[in-house]
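Residue numbers (our numbering), protein chains in the order written: chain A, 470 to 898; chain B, 4 to 161.
Keep in mind the hints are simulated off the structure, nothing from the lab.
Predicted model, so just to flag it, every value in this text is computed and none were measured.
For each residue, glycine too, the CB sits at the ideal point set by N, CA and C.
Some hints could be false.
[To be verified] Partial list, derived from the structure: chain B residues whose beta carbon lies under 10 Å from chain A:
id: 1; residue: Ile42
id: 2; residue: Gly43
id: 3; residue: Pro86
id: 4; residue: Val95
id: 5; residue: Ala100
id: 6; residue: Tyr103
id: 7; residue: Trp119
id: 8; residue: Asn120
id: 9; residue: Ser121
id: 10; residue: Gln124
id: 11; residue: Glu126
id: 12; residue: His129
[Unchecked claim] Interface residues of chain A toward chain B, partial, derived using beta-carbon atoms under 7 Å:
id: 13; residue: Thr502
id: 14; residue: Leu805
id: 15; residue: Met889
id: 16; residue: Leu891
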Amino acid sequence: MSGAIGVGALLVLLAAGVPIGVAMGMVGLVGMTLLLGFEPALIKSGVVFFETVTRFELGVLPLFLLMAHVCLVAGASRDFFGAAASLIGHRRGGLALATIAGCAGFGAVSGSSLATAATMGQIGLPEMRRRGYSTALAAGSVAAGGTLGSLTPPSGALIVFGIIAEQSIGKLFTAAIIPVVTQTLLYMAAILIVCRIRPSVAPASPRVPWPERGRAMLRVLDLAALVGIVLTGIAIGWFTPTEAASIGASLSLLLCALRKRLTWEAFCEALAQTLRTSGMLYVVIIGALIFAAFMSFTGLAEQIEALVHGLNSGPTTTIVAIAILLLLLGSVLDGLALMLLTTPILLPITNALGISPIWFGIFLVRTMEIGFVHPPIGINLYVMQSIAPDIPIGRVFKGVLPFLAVDFLHLALLIAIPGMALALPRWLG
Amino acid sequence: MDPVSPPQPPARGLLFYAGSAGLLTVMLIESAAVIGRHIGVPLLGALEIVQAGIVPAACAAMLIAALRGAHAAVHMVTERLPPLARRSAAGVGAVLAGIYFLALFAGSAWLAAEYWNSFEQTEVLHIPFRPLRVLVAVAAIAIAGAFFARAWRARQSS
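With the rest of the complex left out, here is chain B:
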């Protein structure tokens, strides 16, 4: 039961397609790698593609969950609160979540800046880490934004 009803994002927007593309890429590459290994045609660097494919899938998934208010929470106490208090608790929770993801953004941006000139890349296919680090940091700030927007809506409705 979500006390703050967010305006639902379109079910099949950019996030859906980016996340699905990452997920299906991982699925196809790994399946091909397994078949290849068993028939004697190993797919070199499959793990690296999987690693790169899982990042957009995970980032999109976390953002979708934040936008849709689909995060797991314990409702045993809050369900027994009056509606106004429940909305306030949801608002406080959203602010905390926003601050938490802001901290994760700061941490990942810090690391991205630190490693920017070390030209990290995967061993076989030389996939650069820079775009992955940027994507992760952007996802963190976007999720923080989604939670702050949620907190704002909670404030408006109480």
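So here's chain A without its partners, still in its complex pose:
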């Protein structure tokens, strides 16, 4: 009962606009005070606060953020889009395909859906409109492509999940690779189908000569090497995710300097942005951990687990039910809040059902991604509208619909074939 009241109180606080981390921490603190007493609650919160701030594994978060901000300064988004556009931009729907490929590439250095959508939107959207693409397809492909940033390693969402669920961030990153590749391919398939049905939405453009294509590809070689070193290094055990973040941040600074883009001003701006975002994430993580501690005392997860057990439903039915619940909650909560609220409740249930927590992390972030593009929250839709205010929100949503259909198909595949997420970490040991 106390757990359900806690969840209800949290939803009220979130709706009232209280910062997510504060709302979770406050509910956790008050809840533990009521269950255990004031002194234990205060001490437990103090322990969580100190341990979180001094956890060296958490260094992974600001360092990957620094890498992302430095890569942005180095012109990563423009170069990824440019390379993909020069290769396939001349085909019907080619620029939309290039946008998806650019989002996947930029997602691998930004680790954030919002940053990917906002950055690629400023580059891809005007170019597609200039070439006569339908505004719905143009905005839809950027909004949907932006969600790739959430799952593409080094994903910020996976890092936060790894910390809250106490799972290996390296394994989560490796597990995300096949889902990201298949999601990218499915998005591209959606564009090709839309262009086949309605060719007028994406006219073909002039072909770029091969020497120019070669130059565009060369421009992303260093960025691809950076991403390759970081991800391969984690996957084959050259370094831990925290070390990978340090190596990635150091190499991105070197890369930016070699590209002659590393001015003092740009360096300080990258640091300032990193600190601001890291501060927000630290508060969220501390709050989520305090809330998770409270949830573990309430026994809510055990009660739901017993209920699920009593229904005699198998793991697949339970996961489908969880997916529906997450999609419904995703209509009223933003992605981060959704993940932090549900992880302490749902993870023990899936653990009891013998479902891998690594798979669950990928599934949760994948479901959360869908919330970024479906109304009423669909934050990426609003990002698109802020970049191009003349495109009505309804038109952006219309453009996202084919991708949303593909999202549901991809989620179903992920549930039906858990190996999509688990094969690579298993294979790499």
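Here the structure of chain A is known, so what remains is to put chain B in place on it, guided by the hints.
Chain B only, in chain A's frame:
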């Protein structure tokens, strides 16, 4: 959309330099440790320096986020409120945040007092925990102060 516009702190003040120094120290030490390990020159105690370096970075980052009103929140309901109600909601949220960080201060100060005479230190480099505990407690009270100041501004503007 922030209904309470705080006076923005200078972009490159003490907090910026302290946080950046911590972050860059962590980055350099860990990079050196990885390279050292692969060329056969292990950097002993690197993790302990990282642990000590991440504390000022995290504390400064949280304080910067609080001062700049950069905390993640759900705006779906509050955005639909009239301006006065929105400012009031922001004020209430800031008061709650202030109380929450005050509780975190109390908890971390309690622990610092408890462990003060146990002379906690890291194993290899013997970095003392006392300054880290003090820094964390000071950060908590400073963040609480930032939120209370924010609540005060919300009250003034409504």
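Comparing the hints with the structure gives:
no. : hint   : in the structure
1   : Ile42  : violated, 13 Å
2   : Gly43  : violated, 15 Å
3   : Pro86  : violated, 13 Å
4   : Val95  : holds, 7 Å
5   : Ala100 : holds, 4 Å
6   : Tyr103 : holds, 5 Å
7   : Trp119 : violated, 14 Å
8   : Asn120 : violated, 17 Å
9   : Ser121 : violated, 14 Å
10  : Gln124 : violated, 13 Å
11  : Glu126 : violated, 14 Å
12  : His129 : violated, 16 Å
13  : Thr502 : violated, 9 Å
14  : Leu805 : holds, 6 Å
15  : Met889 : violated, 30 Å
16  : Leu891 : violated, 28 Å
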